[in-house]
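J.: Please take these sequences and the hints and turn them into a complete structure.
Residue numbers for the sequence shown follow this note's numbering, so the first one is 111 and each next one is one higher.
Accuracy of the hints is not assured; some may be wrong.
To be verified - The list that follows gives simulated cross-link-like pairs (lysine to any residue, SDA-like), each with its CA atoms no further than 20 Å apart:
(1) K124 <-> R193
(2) K196 <-> L289
(3) K225 <-> A195
(4) K196 <-> W176
(5) K124 <-> K196
(6) K212 <-> M201
(7) K196 <-> K212
(8) K154 <-> K212
(9) K196 <-> W223
(10) K154 <-> E127
(11) K225 <-> C266
(12) K225 <-> S198
(13) K179 <-> N121
(14) K212 <-> V252
(15) K226 <-> E164
(16) K278 <-> F238
(17) K226 <-> E268
Think of the hints as simulated: they come from the structure by calculation, not from any bench.
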Amino acid sequence: MNGKTELIVLNTTKVGEKGLVVHALTPVWGRRSFITSVPRGGSKALLMPMSIIEAELCENPRSELWRMKAISTSCPLSGIRTRIAKNSMTMFLAEVLYRTVKDSQGDEQLYDWCKKAILTLDALEQDFSNFHLRFLMELCCVLGFRPGEEDIRPFCHERLRETTELLKCSFADFLLYPLSGENRGEIAENLLRYLSYHTESQINVRSLRVLHELFV
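T.: Quick look at the structure:
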């Protein structure tokens, strides 16, 4: 392949001393995995969850695991990387996508939406505690099942009123909607159950507990 391709990093897996498998979202091939080399002592900061990078990709005719090289940052995301709370939130968002989006499902709309969401979080100075809930609701829409009150009711339990009100909020009102950390965590768990049902996959997101501790 000639030139560089933009990707969004979802997860990485260490292989041997220098090898690293990068699980990423791409605009053309959907979610794909690539292998790259990281020198001993080299920085993996470029490959943090939800990083937007550019890289040269070399197709391997004998394997689905393509080679990734010449990695560089496409968007610095300084507004995220300098904030512990935002970094933790991107870990959660990346884990949700990693467990929801299947391999080789090319969807440029999904990629463009995801990139816009990352850049929006990066730009927010304050009032972003509810952002991951908005992300989950929008992800449902992008994947093709727009949540409505009747559709989501079986998953909401005690948080039905708050959830249905949030479904009707504008983006700005959504971020300002008053929620306790406990309620926010319950709504997130309910939305993940809703996603699991519609994607027919088990979405067990370990990083949700970290968010609950940060956004009390």
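J.: The structure should be examined with respect to each hint, and the outcome stated for every one.
T.: Here is how each hint holds up against the structure:
Of the supplied pair hints, the one linking K124 and R193 is violated, its CA atoms being roughly 25 Å apart against a limit of 20 Å. Of the pairs offered as hints, the one joining K196 and L289 holds, with about 18 Å between alpha carbons and a cut-off of 20 Å not exceeded. Simply put, K225 and A195 have alpha-carbon atoms about 19 Å apart, close enough for the 20 Å limit, and the pair holds. Simply put, K196 and W176 have alpha-carbon atoms about 30 Å apart, too far for the 20 Å limit, and the pair is violated.
Proposed proximity of K124 and K196 is contradicted: the alpha carbons are some 24 Å apart, above 20 Å. Of the pairs offered as hints, the one joining K212 and M201 holds, with about 18 Å between alpha carbons and a cut-off of 20 Å not exceeded. At roughly 25 Å between alpha-carbon atoms, K196 and K212 are farther apart than 20 Å, so this suggested pair is violated. A hinted pair counts as satisfied when its Cα atoms are at most 20 Å apart, and K154 with K212 does not qualify at roughly 25 Å.
Of the supplied pair hints, the one linking K196 and W223 holds, its CA atoms being roughly 18 Å apart against a limit of 20 Å. For the hint pairing K154 with E127, the CA-to-CA distance comes to about 13 Å; that is within 20 Å, so the pair holds. The hinted pair formed by K225 and C266 fails the criterion: a straight-line CA distance of about 28 Å is larger than 20 Å. Using a Cα cut-off of 20 Å, the hinted pair K225 and S198 holds, with the two alpha carbons roughly 17 Å apart.
Distance restraint check for K179 and N121: the Cα-Cα separation of roughly 17 Å lies within the 20 Å cut-off, and the hinted pair is therefore satisfied. A distance of roughly 14 Å separates the Cα atoms of K212 and V252; the hinted pair therefore holds under the 20 Å criterion. For the given pair, K226 sits about 16 Å from E164 by alpha-carbon distance, which is consistent with the 20 Å threshold. A distance of roughly 18 Å separates the Cα atoms of K278 and F238; the hinted pair therefore holds under the 20 Å criterion.
Under the criterion of a C-alpha separation no larger than 20 Å, the hint pairing K226 with E268 is inconsistent with the structure, at around 32 Å.
Consistency note: the structure conflicts with the earlier hints numbered 1, 4, 5, 7, 8, 11 and 17.
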